[in-house]
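Asker: Here is what each chain is made of, one letter per residue.
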Amino acid sequence: EAGVAQSPRYKIIEKRQSVAFWCNPISGHATLYWYQQILGQGPKLLIQFQNNGVVDDSQLPKDRFSAERLKGVDSTLKIQPAKLEDSAVYLCASSPTSGGLVNEQFFGPGTRLTVL
Amino acid sequence: GNSVTQMEGPVTLSEEAFLTINCTYTATGYPSLFWYVQYPGEGLQLLLKATKADDKGSNKGFEATYRKETTSFHLEKGSVQVSDSAVYFCALRFNDYKLSFGAGTTVTVRA
Numbered sequence: 001e002a003g004v005a006q007s008p009r010y011k012i013i014e015k016r017q018s019v020a021f022w023c024n025p026i027s028g029h030a031t032l033y034w035y036q037q038i039l040g041q042g043p044k045l046l047i048q049f050q051n052n053g054v055v056d057d058s059q060l061p062k063d064r065f066s067a068e069r070l071k072g073v074d075s076t077l078k079i080q081p082a083k084l085e086d087s088a089v090y091l092c093a094s095s096p097t098s099g100g101l102v103n104e105q106f107f108g109p110g111t112r113l114t115v116l
Numbered sequence: 001g002n003s004v005t006q007m008e009g010p011v012t013l014s015e016e017a018f019l020t021i022n023c024t025y026t027a028t029g030y031p032s033l034f035w036y037v038q039y040p041g042e043g044l045q046l047l048l049k050a051t052k053a054d055d056k057g058s059n060k061g062f063e064a065t066y067r068k069e070t071t072s073f074h075l076e077k078g079s080v081q082v083s084d085s086a087v088y089f090c091a092l093r094f095n096d097y098k099l100s101f102g103a104g105t106t107v108t109v110r111a
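Sequence order for the protein chains is C and W. The numbering of the first sequence is our numbering, which starts it at 1 and goes up by one. The numbering of the second sequence is our numbering, which starts it at 1 and goes up by one.
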């Protein structure tokens with residue numbers, strides 16, 4: 001079974017530019033998460049989707065970050081405009097809502113963003 | 001709020017040494033507790049978990065016991081290998097499914 005796919009793996013941009021990350025969850029997983037992992041810290045949840053609806057976006061900086069999951073499968077996370085403090089690894093995870101592994105989160109390899 | 005505090009690293013060990021990484025949590029209620037591992041260049045993987053007090057999670061020679069009285073979930077392995085070199089994260093989760101992670105502990109095992 002294929003895992004969670006993310007692209008790109010690395011991205012370098014200058015501050016005030018825009019950037020977008022893509023995530024393809026494990027097939028059949030209804031729940032999708034985006035986390036931000038700043039160097040030296042644990043991952044912090046930015047947004048959680050159930051199918052194409054937002055469950056929790058309380059820690060998403062909505063003035064510059066946006067995310068969508070239009071068809072309840074793939075998701076994109078966008079930052080516009082980027083700031084230096086957005087330099088981090090952006091992790092996508094997905095989890096099933098039924099079966100033996102219900103609610104266990106499976107993580108992708110992450111996208112490492114550097115803002116100069 | 002809910003939070004996790006884990007032992008600061010980095011930790012450097014020789015092969016076959018005993019490893020302990022301390023993890024304590026602050027939470028209202030009784031969360032599920034997890035250890036995740038991140039090998040170099042890879043994504044986070046679930047290592048083990050415990051869902052209620054006194055449960056012991058185990059996997060790949062690692063163990064951790066959910067201690068309600070000390071609000072702890074310390075990770076242990078009796079004999080580490082070079083392949084155990086990774087970053088280890090303690091985390092908690094309530095029924096809202098949101099994971100709250102500790103800062104991570106980097107472990108390096110020397111041959």
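Think of the hints as simulated: they come from the structure by calculation, not from any bench. There's no promise every hint is true.
Stated by the list, open to error - Within a straight-line C-alpha distance of at most 27 Å, the following computed DSSO-like cross-link-like pairs (lysine-lysine) qualify: (1) K68/W to K62/C; (2) K71/C to K68/W; (3) K98/W to K78/C; (4) K62/C to K15/C.
If you're wondering where the values come from, they're calculated on a predicted model, not measured in any experiment.
Asker: Does K62/C pair with K15/C here, judged by a C-alpha cut-off of 27 Å?
Answerer: holds, 17 Å
Asker: Compare the distance between the alpha carbons of K71/C and K68/W with 27 Å, and conclude whether the hinted pair is satisfied.
Answerer: The given pair, whose Cα atoms are some 42 Å apart, is violated under the 27 Å limit.
Asker: Can you confirm whether the C-alpha distance between K68/W and K62/C stays at or below 27 Å?
Answerer: violated, 37 Å
Asker: Against the 27 Å threshold, does the CA-CA distance of K98/W and K78/C hold or violate the hint?
Answerer: Status holds; Cα separation ~21 Å.
Checked against the numbered hints above, the structure violates hints 1, 2; every other hint is satisfied.
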